[in-house]
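Enquirer: Letter by letter, the chains look like this.
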Amino acid sequence: MSFVVFDDVGVRAPDGRAILDRFSLDVPEGEAVAIVGPSGGGKTTALKLVNALRLPSSGSVRVAGRRTTEWDPIALRRSAGYVIQEIGLFPHLTVAENVALAPVIAGWPGDVEARVDELLELVGLAPADYRTRYPHELSGGQRQRVGVARALAADPPLVLLDEPFAALDPVTRFALQGEFRALLERLRLTAIFVTHDLREALRVCDRVAVVVDGRVVQTLTPVQVRTSSHPVVRALKEASGL
Amino acid sequence: MSAEVGWATLEHIVLVLASVGLATLVGVPLGIALTRRPAWQRPVLGFANVVQTIPSLALFGLLIPLPFFGIGMRTALVALTLYALLPILRGTVTGIATVDPALREAAVGMGMTDTQLLRHVELPLAATVILAGIRVATVIGVGVATIAAPIGAGGLGVLVFSGLASLDNARILAGAVPAALLALAADAALGLLERRVRWPR
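Residue numbers (numbering that gives the first Met the number 0), protein chains in the order written: chain E, 0 to 241; chain A, 0 to 200.
Derived by calculation from the structure, the hints in this document are not laboratory data. The beta carbon of each residue, even a glycine, is placed where N, CA and C say it ideally should be. One should not assume that every hint holds.
To be verified - Restraint-style ranges between C-beta atoms, simulated for each label pair:
(1) E:Glu28 with A:Thr97: 52 to 58 Å
(2) E:Asp110 with A:Arg194: 30 to 36 Å
(3) A:Arg194 with E:Gly139: 41 to 47 Å
(4) E:Leu54 with A:Asp99: 19 to 25 Å
(5) E:Glu120 with A:Val13: 51 to 57 Å
The following block holds chain A by itself, in its conformation from the complex (with noise of 0.2 Å):
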């Protein structure tokens, strides 16, 4: 069984590592994108709130019957890349939105164009909100990918599902634990990253 956890658990890790890092390259650019026009905040976060509030497998549910999506791995992909995105794109607007106006102003008195305000001022002091929210999609992520695995996702959930089913404790336990110590591994190192990105006051 042992062979069969380690390949449960880089399923998980892969799905997991997928679909926050689609939710990275969507969510920050997306949030950096809401700071410049703060009219559409309300809804795309509005939005990213609706997607975040329906029950995991619900929004599995809601994904399945629809033309390209079906049972498999790419559902699981985009239902936890869109959990995904709330936490990060909330974190990006949040952690620009509270970089000190005075020090914009002097950013932009100085002769900054956006590009460089953005770059050297607003994308770091708003990096540890950022990697913050990152951090929470993680985490998120983890456990949720556990609940993907009756629609085909693969990973850690297939040995607790499968354990459930058969009544096999020692299944349901090779499942949940390294899923549990997955989401606490990747919370600690996450945390460290945020604290080295955290700049000194």
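The shape of chain E in the complex, shown without the other chains (with noise of 0.2 Å):
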């Protein structure tokens, strides 16, 4: 069954310029699934039409069945997870504070506390060493474990991941993007991930959607993206070493 549906969308800009035009693309449940493309194809665009962040012109996209004009904007956002780059994170709240967050924000019944400690043991970050530390002590690469931790903190059906890993050195995206891997199955999480990486769209998702100037060219499993040979997708595969 699919839990998020882009039906036909088109968004425009302010200024009427189209920013998706007859965007469509399936998110079953519990799979990932990567939009890759050059930038300003309108990714990211499609990603905020998810949580309601923004709306569509034209079409509709429907979360859990029902569509997002229709949900309350406030349930949506929080069952679904964001994870964006690192500026995400919280500048004035220690880790355990920006995890606890989304929980408390959604009044989470049990105990907050023990919860950020599972989160945080989850992505590997022991409790005792980082709750009380601020995002400015961490490197970029424990920033973006406490943004993964935050995002699934409320225990979210879906994650929406905005080039999570895009500003990592390549050893830390590398052991990254294997640890969200293992977590996505381990969770059985349904993700949509964007990222202007096909290496990485291959080694996180289960399928690629491959966007160009906001329109979805091509959706493929790993195995037909080595078989494509599609101009789009051979350029990104070229961009990427493969």
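Build the complex: two chains, separate frames, hints provided.
Expert: Quick look at the structure:
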């Protein structure tokens, strides 16, 4: 069953320019789908449609069967973890406070502190060492781990990631990709992962949607990516050294 | 005379605390409201700016003939509050406006309501700038309160003005020195508080 469905979506910029144009994509429940393509192609906009940070100008986006325009935006956003580049951590809050924020704002019924420890363990940060640190005291890789922990803290069925590992050094990025893939499988999460790096998309996701000029031109499994001769896919493969 | 100085200092402090307190109670919520309605920023900040620009004696002069005001503490309190309003209002608006938009989007994206955004993200990040506004307002308030003596506000200005009238230098200094010290002390205390709310970077 599809958990997120983009149906013929159009999004226009205030100046009338089309950012997305007849954008269609199915994200099945429990699958991780990458949105890959050159910058400026509308990848981030597509992601923001899912948690109603943006609304479609035409067509519809459905999450769990309901249009995003019919959802209460607050409830929708609380059921979709959101990971963005490292800037997303709140600089005035400790690691523990950052992670606790999602359960706190959603009125988590259980023990938030225990949940924070559980999440920090899950992303490989020892709670005793990291709880009281501030984001500026962490390395880029540690910050992104906290970002992932925070996104998962309120136990959402869906995670949205926008270039989460782009600012990391290659070694850290490689390690985090592998760990994140394992996490997705373990928690059976549905994920939409925006990246410009095809290699990263293949390492983390089950399927790859190639987006060019606001439209999905191909949706491929990793095997299909290898054999695809679509010019854009070929260019992406070359750029990623595949 | 020392009892008189003590009493005048106390009056002065009460006057400044009351007016800055009042201005904070009005200015911070109004500033927050302005960040939600950017179209109102120009007229409201413009009005506060005009009030700020009127010389203090002239403002007292303008208020006194109005019904309800006249000579006395009430007029002084209103004038001092009006003076304190602009720095606090501007600090609140600027503090919240300069919060990184990416942080605001991260907060909204994780499902915060507007109240939660304000409480967990915008106000803590803007706190130093808001406090800086309150600090400026307080220091200005100590000064303007001195000038408010002729309209019956009491405070250390009474000593200064009566000393001037009777050419009594000791009396002038008995008012002026504590007023100066009060301004310095308020500045230092609020500066300390500002450093305490500053988030680590």
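Enquirer: The structure should be examined with respect to each hint, and the outcome stated for every one.
Expert: Each hint, compared with the structure:
{"no.": "1", "hint": "E:Glu28 with A:Thr97: 52 to 58 Å", "result": "41 Å, violated"}
{"no.": "2", "hint": "E:Asp110 with A:Arg194: 30 to 36 Å", "result": "34 Å, holds"}
{"no.": "3", "hint": "A:Arg194 with E:Gly139: 41 to 47 Å", "result": "28 Å, violated"}
{"no.": "4", "hint": "E:Leu54 with A:Asp99: 19 to 25 Å", "result": "24 Å, holds"}
{"no.": "5", "hint": "E:Glu120 with A:Val13: 51 to 57 Å", "result": "55 Å, holds"}
Checked against the numbered hints above, the structure breaks hints 1, 3 and satisfies the rest.
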